[in-house]
Amino acid sequence: MLPRRFALVRHVDYTGISGLGVVAYGVVFTDGHVALRWTSDFPATSLWNSIDDLLAVHGHGDATSIEWLDPATDVLDQPPARGRRARRSGPIGDGVGPPPAPPPDRHASQTSLRVPSQRRAGRHRRTSTEQESRPTAPIESDWT
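Heads up: the sequence shown at position 109 corresponds to 109 in the numbering used here, and the numbers run straight through without jumps.
A hint or two may mislead.
[Said to hold, decoys possible] Restraint-style ranges between C-beta atoms, simulated for each label pair:
#: 1; residue 1: 19; residue 2: 56; range: 15 to 23 Å
#: 2; residue 1: 29; residue 2: 57; range: 33 to 41 Å
#: 3; residue 1: 3; residue 2: 57; range: 16 to 24 Å
#: 4; residue 1: 62; residue 2: 16; range: 17 to 25 Å
#: 5; residue 1: 37; residue 2: 2; range: 14 to 22 Å
#: 6; residue 1: 46; residue 2: 70; range: 14 to 22 Å
Hint data in this document are derived by calculation from the structure and do not stem from the laboratory.
Quick caveat, the model's predicted, so the values are computed rather than measured.
Ideal placement from N, C-alpha and C gives every residue a C-beta, glycine not left out.
Work out the full structure, taking the sequences as your base and the hints as a guide.
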């Protein structure tokens with residue numbers, strides 16, 4: 001199981017300090033411990049033994065709620081999805097693997113099927129004579 005993220009949402013601000021809306025973000029770890037980070041002008045981080053302990057102090061009854069950002073179940077523990085849009089894996093040809101490559105275009109010329117090492121030099125590529133003709137001495141500047 002993975003840690004689960006949440007937002008602490010304040011509906012009523014009795015103290016006038018934290019404000020309304022999302023006032024903190026947190027993580028519930030697999031052992032139940034909680035880390036909370038406030039989103040105020042002076043952010044602070046606090047650690048709690050459980051989400052219930054956190055809500056006992058910062059919940060203010062029904063004035064604060066938890067909005068879960070991650071699903072309750074671990075997606076890594078779920079069986080792989082089946083169906084047309086499921087991620088495909090497995091050997092090719094069993095209907096589960098990736099689709100075979102499309103057949104080559106019969107009308108394409110052989111010269112257009114070059115590998116990267118066979119490309120011709122374009123404007124962005126220098127030929128060997130251009131590279132040799134570059135100046136090797138440093139250029140004098142006006143800063144001296």
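A quick look at each hint next to the structure:
Taking 15 to 23 Å as the suggested C-beta distance range, the pair residue 19 and residue 56 conforms, at roughly 21 Å. Our hint of 33 to 41 Å for residue 29 and residue 57 is violated, since their Cβ atoms are close to 18 Å apart. Hint check: residue 3 to residue 57, Cβ distance near 21 Å, so the stated range 16 to 24 Å holds. Checked against the hint of 17 to 25 Å, the pair residue 62 and residue 16 passes, with Cβ atoms roughly 18 Å apart.
A C-beta distance of roughly 18 Å is found between residue 37 and residue 2, which places it inside the suggested range of 14 to 22 Å. About 20 Å separates the C-beta atoms of residue 46 and residue 70, a value consistent with the hinted range of 14 to 22 Å.
When the structure is compared with the earlier hints, a violation turns up for hint 2 alone.
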